[in-house]
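**Q** The primary structure of each chain is shown beneath.
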Amino acid sequence: MNVVVAIKKVVDTSEAADVVEVDAAGKDISKAGLVSRLNDWDGYALEEGLRWREKLGGTATALTVGPRDWDDVLRTALAMGADAAVRVDEDAASMDCRSVARILATAIGKLPHDLVLFGAQSEDFGSAQLGPMVAQMLGLPHATLVVGLDVNDDRVHVSREIEGGARELYTLTLPALLTIQTGLNRPRYVSFSRIKRAREKEIGVTTLHELGLSSADLVPSVTLERLELTPAGRRAMLISGNPEEAAGALATLLKESGVI
Amino acid sequence: MGDILVVAEHRGGQLAAVSLEMLSKGRELANHCGGQVAAVVIGKDADRYARRLAQHADTVVVVDHHGLEDSPAEPSQRVLSSIVSERKPKLVLMGHTSFAMDLAPALAVELGAALATDCLDVSARDGVFRVTTAPYNGKVRAVYAFAPSDIIIVTGRAGSFPVEQAQGQGDIEVLEYDVEQDGQRKVFEGYVEPEASDVDIAQAKVVVSVGRGIKDSDKLELAEELASALGGVVACSRPIVDYGWLPAGRQVGQSGKTVTPKLYVALGISGAFQHVVGLTGAKMIVAVNKDPHAPIFGVADYGIVGDLFEVVPALTQKVRELKA
Ligand SMILES: Cc1cc2nc3c(=O)[nH]c(=O)nc-3n(C[C@H](O)[C@H](O)[C@H](O)COP(=O)(O)OP(=O)(O)OC[C@H]3O[C@@H](n4cnc5c(N)ncnc54)[C@H](O)[C@@H]3O)c2cc1C
Ligand SMILES: Nc1ncnc2c1ncn2[C@@H]1O[C@H](COP(=O)(O)O)[C@@H](O)[C@H]1O
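From first to last, the protein sequence lines stand for chains A and B. If you use my numbering, the first sequence corresponds to residues 10 to 269, in order. If you use my numbering, the second sequence corresponds to residues 393 to 716, in order.
Note that these hints are calculated values from the structure, not bench results.
Taking lysine-lysine pairs in the DSBU-like style, the calculated list, with each CA pair at most 35 angstroms apart, reads: (1) K611(B) x K654(B); (2) K40(A) x K682(B); (3) K40(A) x K607(B); (4) K264(A) x K675(B); (5) K597(B) x K607(B); (6) K682(B) x K654(B); (7) K531(B) x K205(A); (8) K715(B) x K264(A); (9) K597(B) x K264(A); (10) K597(B) x K531(B); (11) K210(A) x K607(B); (12) K264(A) x K654(B); (13) K675(B) x K597(B); (14) K531(B) x K40(A); (15) K607(B) x K36(A); (16) K480(B) x K36(A); (17) K40(A) x K611(B); (18) K531(B) x K36(A); (19) K675(B) x K607(B); (20) K40(A) x K205(A); (21) K36(A) x K482(B).
Stretch by stretch, here's where chain B covers chain A in the computed footprint (C-beta under 8 angstroms, at least three residues): (22) 103-117; (23) 248-261.
Think of the CB as a built atom: it goes at the ideal place given N, C-alpha and C, for glycine as much as any other residue.
The shape of chain A in the complex, shown without the other chains (with noise of 0.2 angstroms):
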């Protein structure tokens, strides 16, 4: 079974918010001082599709529409097992998703797939868009949101999660996109020795040429005007002092209140 896994490179903000600054183009944050990495949906995707192709064989592929320095996420990709890696050579950043879509839709025609996998979303600009708008643009059939999935012939069981912690259970027959969520395996460790060593491996440079886009398959159909902070729409009343002084205030408010 061919399993083709869209992978992208994301700046990991969830520990900056006090380092975050629109940057100066006001289009996106200043990456300065702040460390990319695969995007925590793909990790699971790429898990995922990992383990369908080890039982069932044939070939994983991962592909990435970014810029020079993505590299590194498929590198990762190749460590964790992955038989192959395509980055199309894109500054996806300044794109619309649909134009990502249709290079990404275009690239998985071309490799042989019968599960596509997508991360559900992404962590930065989180638009939960890509996988099925890939899927139509394929004629593929697709499910979002994934978090239990089975591969049986010719067929895929997905178990999709809606709100409220229920599940929608669907059979699709493949080839099938699905959209992955967080939670459905344990992705693999990968070690520093292993992605070392996967740094001799090919990487598959393509460009939209090649691939026989051009400008004109990629009219934006939304446009990004402008960036800015989040208002601090404070609400908290911020306790000072040190812990033990903030945690002695704080207990003194839980007990005026009532609540213990």
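Could you slot chain B with the ligands onto chain A? The hints should help.
**A** Chain B with the ligands alone, transformed into the frame defined by chain A:
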């Protein structure tokens, strides 16, 4: 400016609150810019929602189909693409729900429509539609403008658009569609309700909740001790369940539980939108986070900016002393 179509969603006999929010927004935009507002509701017995929707909409289109109890996205896409192609609304609005996440991007491609998802605001000025989103987990706000010619699809974040009082009485149309499942390439097999949990966090009076800031499953003890001092239970954000450190029944948020305690204590939780939607019923929220800009401080009543590994043991100690 053109007409507005709002896709209403329902499950288990209930209309989604976000659908009324989007409908109110649609009404407001139409009042400003002209055009008609239509609501579409799809599914078995969908007509039972028609009256409620007609209070806000000029027309309610009921697509009563018997194949499915509720409205999974896949057959709905075919119904909606035919309705949109026929009626040519300028703007299609729906809630940013698991249903819309499956449906809206595919529908946009099928219709050649422009799409923006998870929006906190939608506006129309001088013929240009704009939306606001919250990238990087809410740390920034982004404003997008749509190209003028396209049909536009917008999914809106729950709780972002107030539901207005409305006493209108729009027309109700019932349509019959033949919604065979898509050549059997995607077959709906049913729903699974969440498993019963060991501890019912939804009913607890005090909830001590841990997030990724706890770093290590061994450290959950800190939260358990505080919870026991406060007479409460331990809950968590999603990553803690994803890592297998606590069972799914302990998760608070959009894909977990909604809690209604007297006191909710958030330890090392950033306050992502999908988490805090589960807190709307909490009377008092207290947060401990080392990041003074963490969005959780935007919803909490009291906050301590600090290292939870120092603050929590001290707090447990003080609570015990005050209770003794
Ligand atoms: C469809 C969908 C559904 C989702 N449903 C849910 C849901 O139901 N519930 C949910 O919770 N999430 C849900 N999420 C995920 C959500 O978007 C966030 O990713 C998640 O809530 C983040 O969890 P967190 O706050 O624990 O982690 P992070 O965002 O990583 O935050 C960790 C926080 O800990 C702080 N911290 C770190 N170290 C310390 C320390 N020593 N002391 C004090 N503070 C510290 C950091 O400053 C940071 O603010 C969903 C996402 C999607 C796409
Ligand atoms: N530039 C890209 N290259 C390859 N895959 C991508 C890219 N951007 C997004 N994706 C995939 O699409 C998923 C959803 O992204 P998004 O629609 O941006 O939230 C991600 O989890 C990835 O699997």
